[in-house]
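Number of protein chains: 2
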Amino acid sequence: MATPEVPQHPPAPQELLAPLSNQEVKERVLALAQPADQALTANLTSHVPFIEEVSGYIIFSGGKRLRPVLFLLASRALGRMAEPRHAAIFEYLHAATLLHDDVVDDAGLRRGRPAARVKYGNDAVILVGDFLFSKSYSLSVEVPDLRFVRALTDCTTHMAEGQVLELIHTDDLELGHQGYLRVIVAKTAVLLAAACQMGAIQAGASDETVRAFYDYGMELGVAFQMVDDALDYVGSEHEFGKPVGHDLEEGKITLPFIHARDHASPEMRARLLELARRGRQEPQVLTEAKEIIRAQGGVEATVAWANFHAARAQAALKPLLDGGQANPDLLTMLGLASYVITRRA
Amino acid sequence: MATPEVPQHPPAPQELLAPLSNQEVKERVLALAQPADQALTANLTSHVPFIEEVSGYIIFSGGKRLRPVLFLLASRALGRMAEPRHAAIFEYLHAATLLHDDVVDDAGLRRGRPAARVKYGNDAVILVGDFLFSKSYSLSVEVPDLRFVRALTDCTTHMAEGQVLELIHTDDLELGHQGYLRVIVAKTAVLLAAACQMGAIQAGASDETVRAFYDYGMELGVAFQMVDDALDYVGSEHEFGKPVGHDLEEGKITLPFIHARDHASPEMRARLLELARRGRQEPQVLTEAKEIIRAQGGVEATVAWANFHAARAQAALKPLLDGGQANPDLLTMLGLASYVITRRA
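Protein sequences, first through last, are from chains A and B.
Heads up, the first sequence is in the working numbering, so the first residue is 1 and it goes up one at a time.
Heads up, the second sequence is in the working numbering, so the first residue is 1 and it goes up one at a time.
If you are wondering where the hints come from, they were derived from the structure by calculation, not from laboratory data.
Some clues are possibly wrong.
The list treats identical chains as one, so a pair stands whether inside a single copy or across any two.
[Claimed, not checked] With a Cα cut of at most 30 Å, we get these calculated DSS-like pairs of lysine-lysine:
hint, residue 1, residue 2
1, K64, K26
2, K318, K119
3, K119, K252
4, K187, K119
Values in this document were obtained by computation on a predicted structure and should not be read as measured data.
Could you put together the complete structure from these sequences and hints?
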């Protein structure tokens with residue numbers, strides 16, 4: 001399925017529905033994270049104890065379980081709650097990509113502690129990533145609807161292409177808004193989309209409804225990643241549990257940079273590009289680059305775009321709202337879209 | 001499914017059926033490798049041209065297409081030739097594991113030229129490996145029989161566990177015959193088994209027949225890998241297109257070593273273990289270790305075991321032979337089992 005389109009002009013501010021407080025959204029998500037968590041433990045079995053150890057290290061390091069929760073929410077919203085064991089598909093897949101990403105990025109920290117590759121070695125985490133990938137598929141073929149596993153193959157193919165795209169665009173200071181969107185769709189949004197889509201499939205939904213849930217997850221994922229990329233320019237390491245302000249150090253060109261570059265005066269733009277180019281050798285010059293990005297409103301513009309996509313996520317589900325009777329799971333999903341915009345870390 | 005059992009005693013010499021000459025086997029395999037090759041090119045499309053380049057580099061570097069050929073042979077032997085596009089599943093998966101293996105092993109050469117990771121970097125080959133893995137799955141869900149994709153998930157999970165096992169047993173000088181078998185089943189045999197099994201599934205075979213084809217592929221794969229491991233102690237780099245005699249350098253404990261260790265006099269055994277231990281720091285001492293292994297008959301014993309498994313491969317298919325009318329594809333499969341024993345490289 002396609003990457004969301006980028007409108008020609010920056011989005012006008014859009015009011016988001018906020019049917020629930022952030023606190024309520026959090027509580028409802030946590031309530032579903034618990035069965036998901038139990039399923040993650042129960043299914044993480046291998047004939048090779050070392051695999052369980054490495055997998056456990058990455059999986060039980062405090063993730064928010066957003067992907068399994070979305071899967072369960074989507075299925076329950078459609079009246080047929082999925083088995084938590086199948087929710088594990090999405091967390092295993094997410095963990096597999098994190099393991100491989102950390103090798104690709106030479107990451108030292110992940111969620112505030114040494115990355116698995118630091119503790120167990122690149123060799124082990126590549127192979128355990130492959131194992132978790134296969135484990136996701138093993139679980140998915142238990143659902144006797146070929147649409148289910150087909151959605152997963154579309155998702156993982158798209159994700160793998162996206163990881164390669166991101167690698168290619170490392171240090172690509174010319175990357176535009178559309179190219180950036182392609183990267184974040186593949187690295188983040190497509191898995192959230194698949195979680196919602198597959199929740200709907202396993203509830204036996206029509207193709208049209210399945211599509212609406214896919215679109216919701218896709219737009220939510222884009223909003224989520226954009227907020228993450230904005231926070232990278234403002235958050236603190238303490239809040240995040242991972243180093244912040246490092247996207248530029250790693251050559252990751254994200255929307256705050258793109259916005260600043262494209263809206264600065266010619267002199268400022270030239271200065272920003274020069275600093276970014278020098279930054280790989282002299283990281284200290286990036287402090288000035290980041291100041292320029294903030295001064296040009298790169299952070300606010302990125303959050304505005306995130307807001308635009310969150311509104312589209314809500315719009316995808318609105319037709320399913322029954323005016324009379326509120327479906328609590330649909331409300332939670334709508335609430336999540338406003339939550340991602342207002343969250344801090 | 002289970003790893004083949006190891007009999008208590010070394011196998012008695014077993015006569016292999018040789019219904020075809022090696023030359024005939026080769027010709028028949030080549031005839032099927034051609035459509036498989038075309039399918040490999042036709043399906044290797046991505047939105048990201050760089051992915052096609054890296055994938056093409058590993059896939060079109062002169063592999064023998066044994067896995068796709070086995071899939072096509074199995075399906076045609078059962079009267080319903082599979083589409084060559086689905087034969088690509090097995091070569092993509094094989095290529096994905098080679099890409100990841102080369103990173104894990106720090107390999108410099110593959111099939112006589114620089115390994116893909118040397119040319120494109122570890123980052124790229126990890127991610128392109130993930131892409132090829134997903135591509136295999138995408139193709140497999142086109143076959144509208146859930147047994148088909150389920151067989152693939154069993155296979156890849158088993159393979160990933162096996163790669164981790166091999167990593168754990170690196171430098172494990174105590175590894176026994178059964179442990180060695182577990183490793184080679186997972187790293188080689190299980191994919192050959194899946195190719196035969198899935199060929200049978202896609203021909204609509206009964207579970208019993210599917211199982212016979214699985215067993216054939218499993219035993220063939222074990223025989224194939226054992227011969228490879230024996231040749232590592234005798235072949236030349238020229239014959240092989242990859243460095244030989246390097247298993248021990250890399251800490252890979254294979255059957256020739258295990259046999260020599262377990263059949264040598266106590267003094268010789270102690271000497272062999274000492275040399276193997278020192279070998280990681282002082283590779284030159286491994287020349288003597290290899291001489292001991294050869295002198296203890298490690299190579300011949302390994303080939304004898306390979307012969308034993310090749311005979312079991314043939315035994316799995318024999319019940320399917322119709323006494324009167326010879327099925328040319330079954331004969332080719334029987335012939336392949338004797339071919340792997342007598343091949344050189």
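* **Structure versus earlier hints, numbers of those that do not hold, lowest first** => Hint 2 alone not satisfied by this model.
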